[in-house]
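**Student:** The residues making up each chain are set out below.
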Amino acid sequence: NAGVTQTPKFQVLKTGQSMTLQCAQDMNHNSMYWYRQDPGMGLRLIYYSASEGTTDKGEVPNGYNVSRLNKREFSLRLESAAPSQTSVYFCASSIGRTEKLFFGSGTQLSVL
Amino acid sequence: GESVGLHLPTLSVQEGDNSIINCAYSNSASDYFIWYKQESGKGPQFIIDIRSNMDKRQGQRVTVLLNKTVKHLSLQIAATQPGDSAVYFCAGGTEGGSYIPTFGRGTSLIVHP
Chain A
1 NAGVTQTPKF QVLKTGQSMT LQCAQDMNHN SMYWYRQDPG MGLRLIYYSA SEGTTDKGEV
61 PNGYNVSRLN KREFSLRLES AAPSQTSVYF CASSIGRTEK LFFGSGTQLS VL
Chain B
1 GESVGLHLPT LSVQEGDNSI INCAYSNSAS DYFIWYKQES GKGPQFIIDI RSNMDKRQGQ
61 RVTVLLNKTV KHLSLQIAAT QPGDSAVYFC AGGTEGGSYI PTFGRGTSLI VHP
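Protein chains in written order, with the working numbering: chain A, 1 to 112; chain B, 1 to 113.
No lab work stands behind these hints: they were computed from the structure. A few of these clues could be false.
Label pairs and their in silico Cβ distance ranges [claimed, not checked]:
(1) 69(B) x 79(A): 43 to 49 angstroms
(2) 9(A) x 68(B): 30 to 36 angstroms
(3) 12(A) x 9(B): 25 to 31 angstroms
(4) 110(A) x 59(B): 33 to 39 angstroms
Cross-link-like lysine to any residue pairs, in silico, SDA-like; alpha carbons within 20 angstroms at most [as the list claims (entries may be wrong)]:
(5) 100(A) x 105(B)
(6) 100(A) x 42(B)
(7) 14(A) x 82(A)
(8) 42(B) x 110(B)
(9) 68(B) x 98(A)
(10) 100(A) x 52(A)
(11) 42(B) x 8(A)
(12) 42(B) x 11(A)
(13) 42(B) x 95(B)
(14) 9(A) x 42(B)
(15) 9(A) x 100(B)
(16) 100(A) x 72(A)
(17) 42(B) x 105(B)
(18) 9(A) x 77(A)
(19) 42(B) x 26(A)
(20) 42(B) x 10(A)
(21) 57(A) x 100(B)
(22) 68(B) x 58(B)
(23) 42(B) x 102(A)
(24) 71(A) x 98(A)
(25) 100(A) x 58(B)
(26) 100(A) x 95(B)
For each residue, glycine too, the CB sits at the ideal point set by N, CA and C.
Okay, chain A solo, but in the shape it has when bound (with noise of 0.2 angstroms):
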């Protein structure tokens, strides 16, 4: 099994531009996160969607936007990037909310 897919892996925008991340998973898994991680800092919280048809705030959601597309897919949105949101981003899922995590191999954005 493939686990958690994240695309692209690596990405160089300009400020003011839009892009999409993608993120797909195949454990059939209700629940799924996005999450930003800056040098030295823990994993934080951006959006997370507890079950298909639904999605969350977490803890720094500003400057993005998500997508539950189905069950297998949780899109992360950056409408106007920011050189603050340079980070390295990845998504995650887990079978319910309270179970572990899986997390994919990230995605290394940079924003000039």
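Assemble the complex: chain A is given as a structure, and chain B must be docked to it using the hints.
**Tutor:** Frame of chain A, contents of chain B only:
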């Protein structure tokens, strides 16, 4: 919400020693905790979890201890190996409708051969 944090940003040990990584949490209602290992360039991976009805749980070479009185948990790694070098995160929360996995900053474990 929950706040979890590790005590030391970096821990250096010799190969073969036992390692202890500590974590504190703020919400006394928290009842589910997970330890993750993150190797360089990879996403975090599950190591072991513990629920608040337990004080101790053992896995392969790892043991997690939970002290609810002082809101503290620790991860013990026996006979530490170079492959254990990574950043370790604890995550905690409250089971139920409002559970959201919240991570601490991580402890970087460096294993010297």
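**Student:** It remains to establish, for every hint, whether it holds in the given structure.
**Tutor:** Verification of the hints:
| no. | hint | in the structure |
| --- | --- | --- |
| 1 | 69(B) x 79(A): 43 to 49 angstroms | 47 angstroms, holds |
| 2 | 9(A) x 68(B): 30 to 36 angstroms | 41 angstroms, violated |
| 3 | 12(A) x 9(B): 25 to 31 angstroms | 29 angstroms, holds |
| 4 | 110(A) x 59(B): 33 to 39 angstroms | 37 angstroms, holds |
| 5 | 100(A) x 105(B) | 18 angstroms, holds |
| 6 | 100(A) x 42(B) | 17 angstroms, holds |
| 7 | 14(A) x 82(A) | 8 angstroms, holds |
| 8 | 42(B) x 110(B) | 17 angstroms, holds |
| 9 | 68(B) x 98(A) | 19 angstroms, holds |
| 10 | 100(A) x 52(A) | 18 angstroms, holds |
| 11 | 42(B) x 8(A) | 14 angstroms, holds |
| 12 | 42(B) x 11(A) | 16 angstroms, holds |
| 13 | 42(B) x 95(B) | 27 angstroms, violated |
| 14 | 9(A) x 42(B) | 11 angstroms, holds |
| 15 | 9(A) x 100(B) | 26 angstroms, violated |
| 16 | 100(A) x 72(A) | 17 angstroms, holds |
| 17 | 42(B) x 105(B) | 16 angstroms, holds |
| 18 | 9(A) x 77(A) | 15 angstroms, holds |
| 19 | 42(B) x 26(A) | 19 angstroms, holds |
| 20 | 42(B) x 10(A) | 13 angstroms, holds |
| 21 | 57(A) x 100(B) | 11 angstroms, holds |
| 22 | 68(B) x 58(B) | 17 angstroms, holds |
| 23 | 42(B) x 102(A) | 12 angstroms, holds |
| 24 | 71(A) x 98(A) | 17 angstroms, holds |
| 25 | 100(A) x 58(B) | 16 angstroms, holds |
| 26 | 100(A) x 95(B) | 12 angstroms, holds |
Violated hints, in rising order: 2, 13, 15; the structure is consistent with all others.
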